[in-house]
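**Q** Here the protein sequences line up with chains A and B, keeping their order. Going by our numbering, the first sequence wraps up at 480, each residue one higher than the last. Going by our numbering, the second sequence wraps up at 688, each residue one higher than the last.
Hints in this document: simulated from the structure, not taken from any laboratory. Among the hints, erroneous ones may be present.
As the list claims (entries may be wrong) - Lysine to any residue pairs mimicking SDA-like chemistry, simulated, CA-CA at most 25 Å apart:
(1) A/LYS151 - B/GLY666
(2) A/LYS85 - B/ARG567
(3) B/LYS636 - A/GLN55
(4) A/LYS85 - B/GLY499
(5) B/LYS636 - A/ALA43
(6) B/LYS636 - A/LYS34
(7) A/LYS85 - B/ALA662
(8) B/LYS636 - A/GLN272
(9) A/LYS34 - B/ARG647
(10) B/LYS636 - A/ASP260
(11) B/LYS636 - A/TYR44
(12) A/LYS85 - B/GLN569
(13) B/LYS636 - A/SER81
(14) B/LYS636 - A/ALA46
(15) B/LYS636 - A/GLU59
(16) B/LYS636 - A/TRP255
(17) A/LYS85 - B/GLY666
(18) B/LYS636 - A/GLY271
(19) B/LYS636 - A/TRP53
(20) A/LYS34 - B/ARG567
(21) B/LYS636 - A/ASP254
(22) A/LYS85 - B/GLU665
(23) B/LYS636 - A/ALA205
(24) A/LYS85 - B/SER630
(25) B/LYS636 - A/GLN67
(26) B/LYS636 - A/GLU219
(27) B/LYS636 - A/GLU80
(28) B/LYS636 - A/ARG56
(29) B/LYS636 - A/THR76
(30) A/LYS34 - B/ALA662
(31) B/LYS636 - A/GLN77
(32) B/LYS636 - A/GLY286
(33) A/LYS34 - B/GLN569
(34) B/LYS636 - A/LYS151
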Amino acid sequence: MDGQLPIDTRPWPVRRDAALHDQTMQQTIGVVTKRLANAKVTAYAAYPEANHWRQRAVEVKRQSIRQLEEHLATFTQQVESHGGKVHRATTAADAIQTILEVAQHHQVRSVIKTKSMVTEELELNRALENAGIAVRETDLGEYIIQLAHEKPSHILAPALHKNREQIHALFDQDALVYHTEPPASEDIVALTQYARRRLREEFLAADMGVTGGNFLVAETGTVVLITNEGNADMVTTLPRLLVSVVGVEKIVADWSGLIDVIQQPALSGVGQRLSSYTTLVSGTRGPDQWEGPDEWHVVLLDNGRTQLKDTPFEDVLSCIRCGACLNVCPVFRQVGGHAYGSVYPGPIGIVETPLLTNFEVLPELPSALCTLCHACGEACPMNIDLPGHIVQLRQMKQERHMNAIGVTRSYRWWARFWATPHGYRRSMRWARWGQWWFVRHGRIQSAPGLAGGWFKTRDMPPVASMTFHEWWDRTRGKRQ
Amino acid sequence: MTETDALRDQFQQQFEALGGHLFYASRADLLPEVLASAYQTMVDRYLPTGPLQVVYWLNSDLLGWDLHGVLGGIRGTQCISWPQGGRQQAVQGQWQDLLAESQVGITGSAWAAADTGTVALYASPSTGLLPSLLMPIHIILLNQNRIQPSVREGLKRFYQENQAAGRMPPLVKLITGPSMTADIEGQLVIGVHGPMAIAVVVYEESIF
Ligand code: SF4
Numbered sequence: 001m002d003g004q005l006p007i008d009t010r011p012w013p014v015r016r017d018a019a020l021h022d023q024t025m026q027q028t029i030g031v032v033t034k035r036l037a038n039a040k041v042t043a044y045a046a047y048p049e050a051n052h053w054r055q056r057a058v059e060v061k062r063q064s065i066r067q068l069e070e071h072l073a074t075f076t077q078q079v080e081s082h083g084g085k086v087h088r089a090t091t092a093a094d095a096i097q098t099i100l101e102v103a104q105h106h107q108v109r110s111v112i113k114t115k116s117m118v119t120e121e122l123e124l125n126r127a128l129e130n131a132g133i134a135v136r137e138t139d140l141g142e143y144i145i146q147l148a149h150e151k152p153s154h155i156l157a158p159a160l161h162k163n164r165e166q167i168h169a170l171f172d173q174d175a176l177v178y179h180t181e182p183p184a185s186e187d188i189v190a191l192t193q194y195a196r197r198r199l200r201e202e203f204l205a206a207d208m209g210v211t212g213g214n215f216l217v218a219e220t221g222t223v224v225l226i227t228n229e230g231n232a233d234m235v236t237t238l239p240r241l242l243v244s245v246v247g248v249e250k251i252v253a254d255w256s257g258l259i260d261v262i263q264q265p266a267l268s269g270v271g272q273r274l275s276s277y278t279t280l281v282s283g284t285r286g287p288d289q290w291e292g293p294d295e296w297h298v299v300l301l302d303n304g305r306t307q308l309k310d311t312p313f314e315d316v317l318s319c320i321r322c323g324a325c326l327n328v329c330p331v332f333r334q335v336g337g338h339a340y341g342s343v344y345p346g347p348i349g350i351v352e353t354p355l356l357t358n359f360e361v362l363p364e365l366p367s368a369l370c371t372l373c374h375a376c377g378e379a380c381p382m383n384i385d386l387p388g389h390i391v392q393l394r395q396m397k398q399e400r401h402m403n404a405i406g407v408t409r410s411y412r413w414w415a416r417f418w419a420t421p422h423g424y425r426r427s428m429r430w431a432r433w434g435q436w437w438f439v440r441h442g443r444i445q446s447a448p449g450l451a452g453g454w455f456k457t458r459d460m461p462p463v464a465s466m467t468f469h470e471w472w473d474r475t476r477g478k479r480q
Numbered sequence: 481m482t483e484t485d486a487l488r489d490q491f492q493q494q495f496e497a498l499g500g501h502l503f504y505a506s507r508a509d510l511l512p513e514v515l516a517s518a519y520q521t522m523v524d525r526y527l528p529t530g531p532l533q534v535v536y537w538l539n540s541d542l543l544g545w546d547l548h549g550v551l552g553g554i555r556g557t558q559c560i561s562w563p564q565g566g567r568q569q570a571v572q573g574q575w576q577d578l579l580a581e582s583q584v585g586i587t588g589s590a591w592a593a594a595d596t597g598t599v600a601l602y603a604s605p606s607t608g609l610l611p612s613l614l615m616p617i618h619i620i621l622l623n624q625n626r627i628q629p630s631v632r633e634g635l636k637r638f639y640q641e642n643q644a645a646g647r648m649p650p651l652v653k654l655i656t657g658p659s660m661t662a663d664i665e666g667q668l669v670i671g672v673h674g675p676m677a678i679a680v681v682v683y684e685e686s687i688f
């Protein structure tokens, strides 16, 4: 069954222009993505065995997906024999309904959350708020964008598009609402201290915790959570009621598989050997135990995932959401996450968004936001063939007649020329005659007809007065 | 250098690279002295003023050791030990508030990994994770025989020890450095929700 994903309904040119005019976002996204990409390379270089384990991790994920149903059944049986309850949700709406039922059954008034892309996918916060339940995001970046009523701009660092002045203003506002002391200054440490103090109150008072999950271990019935801030520890340790919402594809068959994958998100995402906190939940607390949930629900979400099984796109289900493909993508580095209009941005978002929804939403992604530079394919620790998939998605769009007739025609026309050396040379000669109407400051800045759209955001050098081919013919070619 | 020393060295290197502090009691009888000086160093550096309240639990090989005798003299420290005899539901809320008001958590640890600088803690009736989370300073006692060469090896041993009993501990935490974030302008800040400073005191063997 097709999945449902929330989208930004602004058309692509509007999203693009908004991103290209956002100086703050461009500045921070550029710096941080480069730093993370470098940190990954350095971490692997200093950890000789890491690449070998990465390959094992790829095998583990692929193998686990192949026997998905079997492993999910084992997982369910394990969790339930250790005091938890597992719910299967086919669609986003099913998951929301399950979570609301649990919350309402316990008369929950306040919820604390860890960062989770799956709950973004469900728009869970909105659903809870509509039901009169207060929700608090506890990851610092998520907390910031929750206050700003915005969406994440990077799957690991959701508030990368905001600068300290903007965050200071948000916190000042929040302090007014909650009658508490505002941050001492605009200093980043002071802002972080404010969040620590404010969120601490909410941690201690919340009725229910909601987490995502980085891995599920079938053999032991374990949900694994990885954070650097420690908020997942708060959420799993403090409230008496815990709900973990996790995509079915997070499953690994057994503990030894977990050992192979557990370091990968941190190594590839931020260049650490392990994140600061790895939390493993394998059941409710025992009767004598002080900490951990009394009641634990695990919601296993499909939302379009299993329809990728047994297709050429099956490897997409191995994604560990490390963000490495975002960090190396030249398009992502320019436009940031919001321009994609999907919960999942970057190369993986380009591939996953149309696939999960059967091209229902944002079908422009594979064509508009990729230059096919293949950087993502090289960076992906899970060997997901992102560039190959993007090409294939473009083909599928063409087969399904999803491109505008004019676009299809002009590409066909272009292809006819460039399919032969003779046609290519002829097109160059024509371009040389025609281009001078469109050259400004030594670059081609516009073009007639449909090609004009291409130049709206780009320029290119004019065809040389003598091309390389012509030069070769005249000099070397003649001599031979 | 023995194998244990080499592992401890490697652990120390990784743990300190993450911003942690390491103190070493090279002889069993030195542990009280080393713990006291670790504690003093940490509080003077990270909490130079104000009252000090410690909540602690210890590894089974140190069980029964009263830390008040060791730390009570330092800036009037109050020491509260983890309640014996398991959870009492009636006082759960008060217990959490008390933890939230304390400044230092001192805990034992199940094992550590040399290649990543990781320390593992489990929640049980007589041990808890909140002292590693709610206070600004967390000090961990680690028996050096529990240092594994790698986090892979540690997780394997963990599995072997617990799966035999039919189930994993319901709540386990691997700590690899202090609580941190780079969520504002990509700049690293230490101490978001969890401790802003962590220290490990490695001891040779039980003094009891
Ligand atoms: S597609 Fe690969 S690189 Fe991108 S987030 Fe997923 S695992 Fe990481």
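**Q** Give a verdict on every hint.
**A** Hint-by-hint comparison with the structure:
1. Our distance criterion of 25 Å between C-alpha atoms is met by A/LYS151 and B/GLY666, whose separation comes to about 17 Å.
2. About 23 Å separates the Cα atoms of A/LYS85 and B/ARG567, which keeps this hinted pair within 25 Å; it holds.
3. A distance of roughly 19 Å separates the Cα atoms of B/LYS636 and A/GLN55; the hinted pair therefore holds under the 25 Å criterion.
4. Restraint check for A/LYS85 and B/GLY499: not satisfied, since their Cα atoms lie roughly 39 Å apart, outside the 25 Å limit.
5. For the hint linking B/LYS636 to A/ALA43, the alpha-carbon distance of about 23 Å falls within 25 Å, and the restraint holds.
6. Restraint check for B/LYS636 and A/LYS34: the C-alpha separation of about 35 Å exceeds 25 Å, so the hint is violated.
7. Note on A/LYS85 and B/ALA662: the hinted pairing is violated, with a Cα-Cα distance of about 35 Å set against a maximum of 25 Å.
8. The hinted pair formed by B/LYS636 and A/GLN272 meets the criterion: a straight-line CA distance of about 21 Å does not exceed 25 Å.
9. For the proposed pair A/LYS34 and B/ARG647, the alpha carbon gap of about 43 Å is over 25 Å, so the pair is violated.
10. A hinted pair counts as satisfied when its Cα atoms are at most 25 Å apart, and B/LYS636 with A/ASP260 qualifies at roughly 11 Å.
11. Distance hint between B/LYS636 and A/TYR44 is fulfilled; the C-alpha atoms sit about 22 Å from each other, no more than 25 Å.
12. The suggested pairing of A/LYS85 with B/GLN569 holds, with an alpha-carbon distance near 23 Å, which does not exceed 25 Å.
13. Taken as a hint, the B/LYS636 and A/SER81 pair is honoured in the structure, with Cα atoms around 22 Å apart against an allowance of 25 Å.
14. Of the pairs offered as hints, the one joining B/LYS636 and A/ALA46 holds, with about 23 Å between alpha carbons and a cut-off of 25 Å not exceeded.
15. Pair hint B/LYS636 plus A/GLU59 holds up; C-alpha atoms about 19 Å apart against a cutoff of 25 Å.
16. The hinted pair formed by B/LYS636 and A/TRP255 meets the criterion: a straight-line CA distance of about 8 Å does not exceed 25 Å.
17. Distance restraint check for A/LYS85 and B/GLY666: the Cα-Cα separation of roughly 38 Å exceeds the 25 Å cut-off, and the hinted pair is therefore not satisfied.
18. Restraint check for B/LYS636 and A/GLY271: the C-alpha separation of about 23 Å stays at or below 25 Å, so the hint holds.
19. Under the criterion of a C-alpha separation no larger than 25 Å, the hint pairing B/LYS636 with A/TRP53 is consistent with the structure, at around 15 Å.
20. With a C-alpha separation of about 48 Å, the suggested pair A/LYS34 and B/ARG567 falls outside the 25 Å cut-off, and the hint is violated.
21. For the suggested pair B/LYS636 and A/ASP254, the alpha carbons sit about 12 Å apart, so the restraint of at most 25 Å is met.
22. For the suggested pair A/LYS85 and B/GLU665, the alpha carbons sit about 40 Å apart, so the restraint of at most 25 Å is broken.
23. Only pairs whose Cα atoms come within 25 Å are accepted, and B/LYS636 paired with A/ALA205 is rejected, the gap being roughly 37 Å.
24. For the proposed pair A/LYS85 and B/SER630, the alpha carbon gap of about 33 Å is over 25 Å, so the pair is violated.
25. Proposed proximity of B/LYS636 and A/GLN67 is supported: the alpha carbons are some 23 Å apart, at most 25 Å.
26. Between B/LYS636 and A/GLU219 the CA atoms are separated by roughly 14 Å; this keeps the pair inside 25 Å, and the hint holds.
27. Using a Cα cut-off of 25 Å, the hinted pair B/LYS636 and A/GLU80 holds, with the two alpha carbons roughly 24 Å apart.
28. At roughly 16 Å between alpha-carbon atoms, B/LYS636 and A/ARG56 fall within 25 Å of each other, so this suggested pair holds.
29. About 23 Å separates the Cα atoms of B/LYS636 and A/THR76, which keeps this hinted pair within 25 Å; it holds.
30. For the hint pairing A/LYS34 with B/ALA662, the CA-to-CA distance comes to about 14 Å; that is within 25 Å, so the pair holds.
31. Restraint check for B/LYS636 and A/GLN77: the C-alpha separation of about 22 Å stays at or below 25 Å, so the hint holds.
32. Distance restraint check for B/LYS636 and A/GLY286: the Cα-Cα separation of roughly 24 Å lies within the 25 Å cut-off, and the hinted pair is therefore satisfied.
33. Distance check on the hinted pair: A/LYS34 and B/GLN569 sit about 50 Å apart at the alpha-carbon level, beyond 25 Å; violated.
34. Of the pairs offered as hints, the one joining B/LYS636 and A/LYS151 is violated, with about 39 Å between alpha carbons and a cut-off of 25 Å exceeded.
Consistency note: the structure conflicts with the earlier hints numbered 4, 6, 7, 9, 17, 20, 22, 23, 24, 33, 34.
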